[in-house]
Amino acid sequence: MKKGILISPIILFFLILFVFFYLLIIDRNPSELPSMLINKKVPAFEAKLLLENKTFISPSEFENETTLVNFFATWCKPCLDEHPYLKKLSNERGLKIIGINYKDDSKRAIKWLEKLGNPYSNVLVDPNARLGIDWGVYGLPETFIVNSNGVIKYRLVGPITKRNYDAFVLKVKEVEK
Amino acid sequence: MQRILLAIVVCFMTSQIVTINCYSVDPDEFLQNPKKELRARNISKNVRCLVCQNQSIDESSAPLAKDLRILIRKKIKQGNSDEEIYNFLTERYGDFILLNPLFKISTLFLWILPFVFLAIGIFVIFLHNNKSKKLNYSK
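Heads up: the sequence lines are chains A and B, in that order.
Just so we're aligned, residue 1 is where the first sequence starts under my numbering, counting upward by one.
Just so we're aligned, residue 1 is where the second sequence starts under my numbering, counting upward by one.
Note that these hints are calculated values from the structure, not bench results.
Hints may be right or wrong, so weigh each one.
Stated by the list, open to error - Pairwise CB distance ranges (calculated):
| no. | chain 1 | residue 1 | chain 2 | residue 2 | range |
| --- | --- | --- | --- | --- | --- |
| 1 | A | 14 | B | 107 | 56 to 64 Å |
| 2 | A | 30 | B | 105 | 22 to 30 Å |
| 3 | B | 55 | A | 24 | 48 to 56 Å |
| 4 | B | 91 | A | 26 | 38 to 46 Å |
| 5 | B | 130 | A | 14 | 43 to 51 Å |
| 6 | B | 83 | A | 45 | 32 to 40 Å |
| 7 | B | 87 | A | 20 | 46 to 54 Å |
| 8 | B | 91 | A | 46 | 35 to 43 Å |
| 9 | A | 25 | B | 53 | 17 to 25 Å |
| 10 | A | 77 | B | 54 | 38 to 46 Å |
| 11 | B | 105 | A | 110 | 18 to 26 Å |
| 12 | B | 54 | A | 65 | 22 to 30 Å |
| 13 | A | 167 | B | 55 | 25 to 33 Å |
| 14 | B | 54 | A | 54 | 41 to 49 Å |
From a predicted model like this one, the values you see are computed outputs, not experimental measurements.
The beta carbon of each residue, even a glycine, is placed where N, CA and C say it ideally should be.
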């Protein structure tokens, strides 16, 4: 019985070692954070539009249909990689995508969209990251899926690419149900 | 000779302290009121930078850290309490943004487990001690 007690720290040690080793080898990004906004209403805010001289008012614009909210900037390289896939989502699936131009130069952003095409139904400007902070954004690009009741259901940190496009579409379908 | 050596060591150590205490806060971010500025600094030291995740926003030069420092100062100017500011941040970024984990049910193990291990350790030593004492007596 005493031997059991003496040996238990060693067993515990190996158990902990096993857990650490498991976490080390599985496919996960430890710096990725879960969003606090999942299953919550979209934040209320007002923002200026990039291409029109109008104000966008949340959350009233989010009701009726599933909407993507995509934070992007011209200085962000992965955003450029992601761009064709956003166009694909907008053209092939007819998804409403709201773009938020995060801490960017507006002139550059307009040129960027003219050159690459504009998959967004609205592009909002966020010059001082105030919107980004409200959405809990910490690295570009980030994409949120908002359901037809204006509730945030999913967040993707990092670009939509060839690798995760199908999985992302599946998430959209789940939210659309 | 020894005194000179001591002086060199002291100089070296104090220079280390000075270099450790370098911050990323820009002078243009400072608040005019020193009391409020101190509050802002204290909050910043306890808020994690989510870009370089083991630094506080007080130390980090990431753009997001700067945005958050400015936001915290703005909130202080508007008369928000420290607690309100922490709540504002955790609502958006989660408890992870606090460098000091909160004491709640989900973090209970985190806080209590070291003491549990300490108790186990003491128990094992005690047991071992008793055993060796018995062995000595039997000799």
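Going back to the hint list, which numbers does this structure go against? Numbers 1, 3, 4, 5, 6, 7, 8, 10, 11, 12, in rising order.
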